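**Q** Protein chains in written order, with the numbering used here: chain A, 1 to 376; chain B, 1 to 376.
No wet-lab data here; the hints were simulated from the structure.
Values in this document were obtained by computation on a predicted structure and should not be read as measured data.
Identical chains blur together in the list; that is why a pair holds if it fits in one copy or across any two.
In the DMTMM-like style, the derived pairs of lysine to aspartate or glutamate whose C-alpha atoms are separated by at most 25 angstroms in a straight line are:
#1 4 x 50
#2 242 x 35
#3 242 x 211
#4 242 x 78
2 protein chains.
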Amino acid sequence: MSSKPESLYRGRQRALAAYLEAQQLDAVLLVDLEEVRNRSVRYLCGHPQDALLIITAVGRSILIPWDTILAERTAVSDQVVPYTDFGRDLNAAARTLLTGEKCTRVEVSEKISYPRAVELINELASLGMEAVCRRGGVDAHLLELRRRKEAAEITALRRAGEISDAICGELPALLASGPLPEHEVAIFIERRARELGAEGLGFQILAAAPERSFAIHTFPNITSALFGAPGLSLVDFGIRVKGYTSDATVTLVRGRTDALQERMVRAVEEAYALALELIRPGAYPAEVARAVDELFASRGFRMPHSLGHGIGLDTHEPPLLRASVGSSPCFEEDMVIALEPGLYDSRAGGVRWENDLLLIPGGTEPLTHTAIIRLD
Amino acid sequence: MSSKPESLYRGRQRALAAYLEAQQLDAVLLVDLEEVRNRSVRYLCGHPQDALLIITAVGRSILIPWDTILAERTAVSDQVVPYTDFGRDLNAAARTLLTGEKCTRVEVSEKISYPRAVELINELASLGMEAVCRRGGVDAHLLELRRRKEAAEITALRRAGEISDAICGELPALLASGPLPEHEVAIFIERRARELGAEGLGFQILAAAPERSFAIHTFPNITSALFGAPGLSLVDFGIRVKGYTSDATVTLVRGRTDALQERMVRAVEEAYALALELIRPGAYPAEVARAVDELFASRGFRMPHSLGHGIGLDTHEPPLLRASVGSSPCFEEDMVIALEPGLYDSRAGGVRWENDLLLIPGGTEPLTHTAIIRLD
Numbered sequence: 001m002s003s004k005p006e007s008l009y010r011g012r013q014r015a016l017a018a019y020l021e022a023q024q025l026d027a028v029l030l031v032d033l034e035e036v037r038n039r040s041v042r043y044l045c046g047h048p049q050d051a052l053l054i055i056t057a058v059g060r061s062i063l064i065p066w067d068t069i070l071a072e073r074t075a076v077s078d079q080v081v082p083y084t085d086f087g088r089d090l091n092a093a094a095r096t097l098l099t100g101e102k103c104t105r106v107e108v109s110e111k112i113s114y115p116r117a118v119e120l121i122n123e124l125a126s127l128g129m130e131a132v133c134r135r136g137g138v139d140a141h142l143l144e145l146r147r148r149k150e151a152a153e154i155t156a157l158r159r160a161g162e163i164s165d166a167i168c169g170e171l172p173a174l175l176a177s178g179p180l181p182e183h184e185v186a187i188f189i190e191r192r193a194r195e196l197g198a199e200g201l202g203f204q205i206l207a208a209a210p211e212r213s214f215a216i217h218t219f220p221n222i223t224s225a226l227f228g229a230p231g232l233s234l235v236d237f238g239i240r241v242k243g244y245t246s247d248a249t250v251t252l253v254r255g256r257t258d259a260l261q262e263r264m265v266r267a268v269e270e271a272y273a274l275a276l277e278l279i280r281p282g283a284y285p286a287e288v289a290r291a292v293d294e295l296f297a298s299r300g301f302r303m304p305h306s307l308g309h310g311i312g313l314d315t316h317e318p319p320l321l322r323a324s325v326g327s328s329p330c331f332e333e334d335m336v337i338a339l340e341p342g343l344y345d346s347r348a349g350g351v352r353w354e355n356d357l358l359l360i361p362g363g364t365e366p367l368t369h370t371a372i373i374r375l376d
Numbered sequence: 001m002s003s004k005p006e007s008l009y010r011g012r013q014r015a016l017a018a019y020l021e022a023q024q025l026d027a028v029l030l031v032d033l034e035e036v037r038n039r040s041v042r043y044l045c046g047h048p049q050d051a052l053l054i055i056t057a058v059g060r061s062i063l064i065p066w067d068t069i070l071a072e073r074t075a076v077s078d079q080v081v082p083y084t085d086f087g088r089d090l091n092a093a094a095r096t097l098l099t100g101e102k103c104t105r106v107e108v109s110e111k112i113s114y115p116r117a118v119e120l121i122n123e124l125a126s127l128g129m130e131a132v133c134r135r136g137g138v139d140a141h142l143l144e145l146r147r148r149k150e151a152a153e154i155t156a157l158r159r160a161g162e163i164s165d166a167i168c169g170e171l172p173a174l175l176a177s178g179p180l181p182e183h184e185v186a187i188f189i190e191r192r193a194r195e196l197g198a199e200g201l202g203f204q205i206l207a208a209a210p211e212r213s214f215a216i217h218t219f220p221n222i223t224s225a226l227f228g229a230p231g232l233s234l235v236d237f238g239i240r241v242k243g244y245t246s247d248a249t250v251t252l253v254r255g256r257t258d259a260l261q262e263r264m265v266r267a268v269e270e271a272y273a274l275a276l277e278l279i280r281p282g283a284y285p286a287e288v289a290r291a292v293d294e295l296f297a298s299r300g301f302r303m304p305h306s307l308g309h310g311i312g313l314d315t316h317e318p319p320l321l322r323a324s325v326g327s328s329p330c331f332e333e334d335m336v337i338a339l340e341p342g343l344y345d346s347r348a349g350g351v352r353w354e355n356d357l358l359l360i361p362g363g364t365e366p367l368t369h370t371a372i373i374r375l376d
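Whole structure, please, built from the sequences with the hints as guidance.
**A** Have a look at this one:
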């Protein structure tokens, strides 16, 4: 197990305590369980999964993990209380621990399901506590803190990008002598990721042979269809380093393409170039997305997904590059985003080009360097 | 793509319509998105991921998928409306489509987060619609329907078990000549799963070398630590067939064990045998779990997780085998569960023995056949 970067987590806990102070809250309760993941728990204390976390306005942190041995080895908190002490009952844990901290006004993560939140709010009310649960509250604040990356986070994402690049660079040789089953491509990526020191994959590898690349997120994610057969194949994967995941997609074009496929490839390349030109600190994600939507429309296409998204502990986090996110704030230095224009056709297949970009003064620095690959 | 089992999904949609009728509801809205997975959407219409689904009391089904091409190929519904038509806005989709169906009383899945549910309920109220969102409502009813498996579901789980068994059977030979990095074991499982026709894995493979097997769900899930080195190694994986996942764990004991490790292995074997003796239609999950807890306690141990759980489209679904689930219904024929007694120690490592069992008259039929493996 890695040693715990104590000061990193303490700093984040203090930043959250300042939010609580400003919001006149005594504590916040976050929940990261199988039903609802919340990577802000890992962000705040290093515990990777399956725990409740209470942070108080005076900066005390109480972790309530499912696996206490794991907590001892990974987490930075003032107190660890096994979740099983409360029979894994959210209300019981909240009641006992928040009362113990003498709270009168607390915020509960908005990720909790409606009936659970209602029960918890009522239960705390019966003890004289006011519980707040809202959009734009603590979860949004944490995503805001996570939006601009700290040096340690950029280092992790940079390393994830390097591993991703190394693997993408090996794909043409892997496929030079002919197509391979999708699962062989996925297994190659998995093995190389581990050999190169990744913590894991950011998400299930999506590998799509030409007859399956029509899907945005191909389903099943991997089959034994022949990746790299004539047509458009597409592989999308993330490399996780210290919790932080890259996100890159390679489209492989093999053999003679038809007119539609050529138009799709060209449009995606144009869209990518246009976006790259527009993305810089001060520019607005929605405006960049709108410009790309217009470019696609002028070529007779429509992209069925967002132009991109922030990456970090989550594969998808703010900022979102989507025309409909009108009022979101502008790009800032130290954000890290995945840019991924793509087009899909039921018959012709899919083209997606995706790289990770670090926002720097005046523009971007690529953390991954994929291209649309053509093989004969 | 596989052909669509039309009658299977239509039957399930009719069963849900009957629930709506009985509850005096006009429609139900289910949500399966990245933030909150709800496999009941796949259960009801075959669409595997990322969609809203409306079922009305007259049995009409409206699917609102993110990927419409995927929906065309996999889903059985009366109408498909792209989610992007509503700018991927849940409220806009619900407002438009539920108004179109002339609903006055609807139920919304309880999995929706609290603030989203509040907004949706208020929005529908402003249109004269009453929206219900509750524990023990439609999601619970669907889990109830999913608890006893239909023939097609048992066939899928049986096949998943066979593939799992085949792979487990090959592990001793793989490790006969010495330990391997955890990632090589995981890649072996992944490759064999694909070769044997699995749709995919049910969850991330958990492979733990002796120094990491103390964790219930080891983190990171795979590293390059040496699996099968002297001590207790543990691998937990699920094979997914047509959406249905097996769940089995093998503990590998290598070399001379110490007294604590021997006691742990023996206690887990005893617990497994006791549970197997008790589990039958009519028995109560909580009582079986309590008997095992008592056995462990009498040996000086405490199991930090449930004794088992139902499997199906989800890796964890009802029934839960946990002493604290006091009032849950008894075992019935055609349930399929994973039985998994386990013990963990920070120094000695972990022992878990997990197999899948089909409930049959008078007892169980194993769908997987792992054992605790000893290698010299």
